[in-house]
Amino acid sequence: MSPERWKRAGEVFHTILDEDPADPTDLLEHLCAGDEELAANVLDLLHAHRDAPTFIDRPAFQILPAPPEPLPERIGSYRIVRSLGRGGMGTVYLAERDDGTFEKQVALKVLSDELALPDFQERFHRERQILARLEHPSITRLLDGGTTADGRPFLVVELVDGQPLDRFITEVEPGLDARLELFVEMCSAVHAAHQQLVVHRDLKPGNILVTAEGHPKLLDFGIAKLLSAELAGGQTGPSERLLTPPYASPEQIRGEAIGTTADVFGLGVLLYELLAECHPFEEERRDPARLALAIVERDPPPPSVTAATLPDDLAPRRWSARLRGDLDQIVQKALHKDPARRYSSAEALARDIERHRRGFPVEARGDSLTYVTVSFLRRHRLAASATATAFLVLVAATLGLWLQRSEILRERDNAETVSDYLVEVFAAADPGTSRGRDITAGELLDRARQRAARTDLAPATRAAFLQPIGEAYAGLGDYRAAADLLSESLEIRRASGTAEAEDLADTASALGGVLLALGELERAHTLLEEAVTLLESSLGFTHPETALALSELAASHQQAGRLEEADTAFRDALKRLEEGNEPVARAHVRHRLAALLRERDQTDSAIELLRLGLEDLVSVRGGRPDPDVAVFLRDLGTILRRQGDHDDALRRYREALAMQHELFPDGHPDIAVTLSQIASVTQSQGRYDEAEALFAEVVEMRRSLLGDGHRLVGNTLLNQANLAVDRGDLSRAADLYRSAIAIQEVALPDDHLDLASSRTGLATVLSRLGEPAQAEELHRQLLDTAIRSYGERHSRVAILRNNLARSLQAQGRLEEAHEEFGIVVEVIAETLGSDHPLLATAWNNLADVRRLSGDLEASAEAFDRALEIAHSRLGADNPTTLQIAVNRMGVLLRRAPDDDTRRRATALAKVVDRVLGPEHRSSRQLQRFLEISPPAPSSGR
Amino acid sequence: MTDEAIPSESVDVTELLHAWSAGEPGALERLIPVVEGALRRRARRAMAGERPDHTLEPTALVNEVFLRLAGHEEVSWINRSQFFGFSAQLMRRILVDHARRRRRDKRGGGFKLVALEQVQEPHGAGTDLDLLALDEALTALAALSPRQSRIVELRYFAGLTIDETAEVLEISASLVSKEWTLSRAWLYDRLRPPEEPR
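Listed in order, the protein sequences are those of chains E and C.
Taking numbering that gives the first Met the number 0, the leading residue of the first sequence gets 0, the next gets one more, and so forth.
Taking numbering that gives the first Met the number 0, the leading residue of the second sequence gets 0, the next gets one more, and so forth.
Bear in mind the hints are in silico, worked out from the structure with no lab data behind them.
No experiment lies behind these values; they were computed from the predicted model shown.
The C-beta atom is built at its ideal place from N, Cα and C for all residues, glycine as well.
Keep in mind that a hint or two might mislead.
[What the hints assert, rightly or not] With the Cβ distance kept under 7 Å, some of the chain C side facing chain E (calculated, not the full set):
1. Y155
2. F156
3. G158
4. K177
5. L181
6. Y187
7. D188
[What the hints assert, rightly or not] Computed beta-carbon distance windows for the label pairs:
8. E:G254 x C:R189: 36 to 42 Å
9. C:R92 x E:E36: 30 to 36 Å
10. E:D298 x C:T160: 23 to 29 Å
Based on the provided sequences and hints, a complete structural model is requested.
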């Protein structure tokens with residue numbers, strides 16, 4: 000058949016399907032107009048369509064069955080008797096220990112060969128860990144575990160002599176009271192797991208065995224999960240999506256974060272089935288799509304109604320009237336769509352069942368205080384921007400934790416004070432108060448601060464409130480507000496005379512840190528010294544808190560430029576931690592010391608320290624996502640980036656980002672920092688569009704979290720401006736620099752480095768746009784300031800000197816410029832290494848000024864050096880490399896415009912056009928070089 | 000810049016995906032073996048009947064591979080549709096290879112035969128479906144209408160829904176639906192056992 004005839008056949012086929020006549024013969028003949036072959040073809044298609052309407056509807060890989068595994072003789076020291084079935088991740092065998100010690104039979108579960116992949120091994124391993132921490136009569140006990148000869152993990156659990164819950168119900172037909180008793184035992188097993196932070200996530204009749212004695216045993220923690228790493232609001236990854244639809248909670252179906260209340264939902268379904276012997280969504284149960292929709296959107300009929308419609312000979316029919324009221328309500332509450340409105344725990348659910356059995360009013364029938372608070376937060380959350388809310392929830396959690404361990408909880412009525420307080424703060428996000436616009440975390444904190452200022456709080460309580468609010472302000476970067484609040488807290492504590500030394504030291508140290516950030520170095524130093532002294536006498540010299548305070552003190556030396564003292568103090572702090580086993584504190588001090596070493600250009604030692612610190616942290620926290628580990632990875636990335644190892648840096652950043660995404664809600668400030676770093680590397684690699692998109696994302700995140708005028712917003716604008724310069728878009732760069740400066744002039748002290756960068760950037764752009772004299776003056780000031788802080792021979796100083804030299808060059812003062820560029824090359828080679836990418840730029844600049852002075856030989860030589868470094872460190876297709884190549888070609892063409900050179904220039908032009916596009920500055924520049932160099936004599940081939 | 004393709008996990012897939020989505024020449028060639036490896040492993044797990052009572056949506060399979068390869072990052076950087084498109088081709092290759100190997104095993108005999116006799120052939124609408132025959136028929140269909148062949152590939156091998164298929168091919172969902180119905184009828188007509196009464 001030809002495609003044309005096939006097309007015609009398709010048209011006829013669809014026309015007939017659309018018309019859907021009882022007998023298609025007439026219509027077919029009419030449409031085919033005597034073309035019998037066509038008619039026959041279409042008829043075949045119509046028959047085929049009728050015969051197999053669901054042919055290949057299920058994707059291929061779903062219907063491929065698994066080959067059975069041969070029965071192994073023995074695994075570990077167990078003899079395999081027979082297969083008990085396939086479980087979630089492998090095969091379960093009936094096995095006997097055959098070393099003669101005892102004859103007990105056990106169930107042995109081994110990861111199947113197909114699944115011996117790292118993530119499954121990991122899951123298997125996790126199940127073992129989870130089981131190991133669970134000790135409960137209603138949970139199968141872990142007896143042993145190990146690895147098979149071919150490297151697959153296995154675990155051994157007690158063999159339960161029983162039958163699955165559903166079979167038990169139909170065969171034994173227990174009465175209602177017996178069912179409720181059984182259910183309460185199930186709840187208690189699930190609750191025990193929850194207390195160990197384990198969520199089962201797969202409660203269903205097949206996973207609950209009822210023993211001969213009538214007790215339930217909870218099985219199969221194969222997809223259970225440990226909550227601990229995810230308390231901060233983790234995301235659900237694709238491997239978390241496994242579920243059993245009829246027993247899945249709405250949040251599981253929606254792929255949202257899962258908490259213990261998902262198991263409460265699962266218990267609710269089981270309770271429904273125990274009471275009514277029907278699934279809550281019996282009608283939809285067989286159709287996964289409809290079932291999923293029902294679970295997410297519809298309320299099931301009350302079990303009493305379902306039971307009443309059953310045939311007479313089924314037990315639930317007899318007790319349907321007893322279900323009405325309490326039990327209906329309890330089921331409904333357990334099955335609530337909103338996890339926050341279910342029972343808060345399996346224990347609470349069991350308690351309500353018990354209350355019902357003893358005739359007490361059940362919780363399900365009245366709104367609880369928790370519900371009121373939670374629903375309040377939900378109602379008001381919508382008005383606050385997502386990021387602000389996410390951040391504030393963290394703040395509230397921190398505050399809550401802080402309050403819990405602080406003494407004020409011992410005071411009368413404190414619980415209420417705290418909750419009233421939080422409610423009032425959150426009320427700021429009420430649409431009425433905020434007039435319908437998004438509220439930032441900063442505004443919410445302002446509200447918290449106003450509330451704390453009221454005089455009806457007892458002084459000790461107020462001091463306790465002020466501290467975390469102050470620290471939260473510091474977290475948002477508003478150090479001024481943070482300092483005010485922490486000062487007040489400290490004053491109250493000092494005045495009371497009864498504050499604990501530790502609390503005083505805590506506040507003093509926090510305030511000291513904030514003052515450091517504000518540049519109030521002397522006051523900071525005094526406070527930090529005080530904190531160290533207080534802690535030395537109350538907790539001891541080598542206590543980790545003391546060491547950490549000492550390291551903060553070291554940081555104040557560093558800030559004041561006393562780098563030697565800082566070094567000594569950091570090392571003293573490390574030494575104090577040597578004896579105790581305090582890897583986390585040690586890691587923190589190493590982190591701070593690494594920052595100092597980086598500043599002193601001792602990059603290798605800094606990297607080494609970060610690596611050691613990372614090891615410390617990982618030793619404690621395992622491979623789990625962890626905020627501190629993420630920060631270490633990120634800082635390691637930053638040092639590597641400054642060394643010019645872009646790929647390595649990017650890898651570290653991505654690791655950090657992946658962790659942070661698991662740990663934090665979107666829009667968290669830490670995520671913004673990492674994204675911003677990634678954007679910078681991406682920019683260095685010349686992937687400008689990506690970098691631009693990332694910076695735009697960061698700016699948005701920061702605006703919505705911190706407000707338009709925040710210094711970090713200014714910082715990001717500065718980064719965007721630098722990117723615009725790289726892209727050659729100078730007028731956009733100038734605009735961005737001006738916006739950054741406008742913010743920074745308000746938010747930063749006048750001599751702040753970031754403000755200086757923006758001004759430098761603007762000056763550079765302006766000089767390129769034709770204002771070099773103005774630029775020179777600014778550059779000289781900046782250079783002098785930097786020399787005072789870092790000394791002459793420091794990489795940062797070299798970069799500023801480079802800028803100055805460029806402004807000199809722009810004014811035609813070539814000799815002066817040449818001298819400065821020469822120093823730049825020397826210092827960069829000396830401080831950053833002889834193959835650092837920045838050195839390529841430095842050689843390029845030196846070459847350029849030589850070109851202008853007319854010394855083409857020396858210029859070409861310098862360009863050669865520049866290109867060599869750029870080639871090896873940045874790659875041939877990098878924009879910087881290409882720009883250097885273009886500059887060099889300009890000199891070569893001027894020096895010897897022969898055939899060969901022109902040919903090389905033309906070849907280069909092609910590469911540049913392809914990589915950067917014909918409109919790019921470099922492309923146009925090279926075109927111009929080719930135009931002005933005399934054309935080659937026509938030489939044929 | 001013609002690096003040899005290294006089909007192992009050590010390849011920085013994120014980089015490759017980004018390079019590919021940025022249209023970098025050669026990136027796709029280097030990406031395919033990596034994706035194919037991941038799909039093979041993942042499909043093998045699906046075949047191993049990972050939790051028979053747990054559903055994992057077919058698209059989720061491809062998507063999971065995608066997410067895993069993209070390293071859980073901003074996946075919007077990468078063209079998801081394109082990814083699904085070539086995943087479908089890869090899945091076809093993987094599954095057809097699988098079927099071919101199995102046929103060979105059956106013919107070749109040996110100790111594996113015992114185990115294999117217990118293996119059911121894949122089923123579709125109650126009839127035995129020969130994947131190799133389907134593969135051939137699909138190639139024949141491509142000669143009549145490349146688009147129809149692509150639609151079957153995306154639907155049947157990658158498990159995409161009608162809407163997702165429409166998104167990948169950048170045509171309307173109703174057109175996908177019509178073409179699907181027609182292709183399916185044609186394929187069934189070709190593949191149905193001859194002795195079955197018409």
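Going through the hints against the structure:
| no. | hint | verdict |
| --- | --- | --- |
| 1 | Y155 | holds (5 Å) |
| 2 | F156 | holds (6 Å) |
| 3 | G158 | holds (3 Å) |
| 4 | K177 | holds (6 Å) |
| 5 | L181 | holds (5 Å) |
| 6 | Y187 | holds (4 Å) |
| 7 | D188 | holds (4 Å) |
| 8 | E:G254 x C:R189: 36 to 42 Å | holds (39 Å) |
| 9 | C:R92 x E:E36: 30 to 36 Å | holds (35 Å) |
| 10 | E:D298 x C:T160: 23 to 29 Å | holds (28 Å) |
Taken one by one, the earlier hints all hold for this structure without exception.
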